[in-house]
Amino acid sequence: MLNEEWAVIRRDAVEMFNSPVVEGFRRNCVRYFEGALEGKGPFRRRPNTSLRLICDTPVPTKLVAYPCGTVRHGEFVPQVEKLHCELLQERTKVVDGIQARKFTRRLTFTLKPECDSLGTIYPSAIEDARTALGVMADFISDARAVFARSHDYCCCCGKGLRDESSRARGVGPECVRVLNWLAFEKTEGNALVNAV
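Residues in the sequence shown are numbered consecutively from 253, following our numbering.
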């Protein structure tokens with residue numbers, strides 16, 4: 253492709269991210285990451301704190317969001333107000349005669365309070381941006397439904413889900429304690445009401 257064509261694709265994708273949905277998504281993620289990292293640290297490396305949101309698309313796709321950070325004096329300092337996001341699409345490859353699942357990065361972008369910036373793009377960047385904005389809007393309107401799309405792995409820590417209630421929620425038992433204020437209703441103490 254010519255440089256002019258890439259410039260048009262990048263410009264159109266950037267324009268799509270000038271939406272109130274993006275800022276609402278960033279604010280919700282910041283609330284989650286502040287709660288998840290509260291009272292923890294210092295970190296020797298990036299903490300395993302992210303959101304893995306499954307998109308409602310025919311091809312398995314997920315949006316992964318995690319806080320950016322810097323290394324100061326050998327310690328990783330998370331900056332929760334600044335998020336790095338990747339849109340990953342599942343591909344099936346045949347390796348040595350065995351089908352294997354592989355996630356391919358389709359789009360990367362950084363969400364900051366003052367502006368958003370695109371990283372990696374492909375010719376399908378406009379469609380990929382629509383997919384990302386769709387899952388962001390779904391997450392803002394009903395985070396529980398977005399989490400429930402994941403049946404095998406926790407949407408927060410990525411660990412395998414073993415019990416049926418966790419599979420129905422899409423969130424493991426350890427992570428639900430942090431998420432209960434974001435997506436789940438509480439009763440007395442930490443008990444969850446109808447977390448399915």
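Treat the hints with care, since some could be wrong.
Unchecked claim - Mimicking DSS-like on lysine-lysine, the simulated pairs with C-alpha atoms at most 30 Å apart in a straight line are:
hint: 1; residue 1: Lys354; residue 2: Lys411
hint: 2; residue 1: Lys411; residue 2: Lys334
hint: 3; residue 1: Lys411; residue 2: Lys292
hint: 4; residue 1: Lys364; residue 2: Lys334
hint: 5; residue 1: Lys292; residue 2: Lys345
hint: 6; residue 1: Lys364; residue 2: Lys411
hint: 7; residue 1: Lys334; residue 2: Lys292
hint: 8; residue 1: Lys334; residue 2: Lys354
To be verified - For each label pair, taking beta carbons as the anchor points, the in silico distance ranges come out as:
hint: 9; residue 1: Asp264; residue 2: His336; range: 19 to 25 Å
hint: 10; residue 1: Arg324; residue 2: Arg353; range: 23 to 29 Å
hint: 11; residue 1: Cys409; residue 2: Val347; range: 25 to 31 Å
Treat the hints as calculated values from the structure; they're not laboratory data.
Please read these numbers as outputs of a predicted model, since none were measured by experiment.
Quick reminder that beta carbons are idealized off the backbone N, C-alpha and C, glycines included.
Status of the hints after comparison with the structure:
Among the hinted pairs, Lys354 with Lys411 is consistent with the structure: their alpha-carbon atoms are about 17 Å apart, no more than 30 Å. A threshold of 30 Å between alpha carbons decides the hint, and for Lys411 with Lys334 the separation of about 24 Å falls inside it, so the pair holds. A hinted pair counts as satisfied when its Cα atoms are at most 30 Å apart, and Lys411 with Lys292 qualifies at roughly 20 Å. Restraint check for Lys364 and Lys334: satisfied, since their Cα atoms lie roughly 5 Å apart, inside the 30 Å limit.
Between Lys292 and Lys345 the alpha-carbon distance is near 39 Å, which puts this suggested pair outside the 30 Å criterion. A hinted pair counts as satisfied when its Cα atoms are at most 30 Å apart, and Lys364 with Lys411 qualifies at roughly 28 Å. Restraint check: the Cα-Cα separation between Lys334 and Lys292 comes to about 18 Å, which is no more than 30 Å; the hinted pair holds. Between Lys334 and Lys354 the alpha-carbon distance is near 27 Å, which keeps this suggested pair within the 30 Å criterion.
With their beta carbons about 22 Å apart, Asp264 and His336 fall inside the hinted range of 19 to 25 Å. Arg324 and Arg353 have their C-beta atoms about 37 Å apart, which leaves the hinted 23 to 29 Å range violated. Look at Cys409 against Val347: about 27 Å separates their beta carbons, and that is inside 25 to 31 Å.
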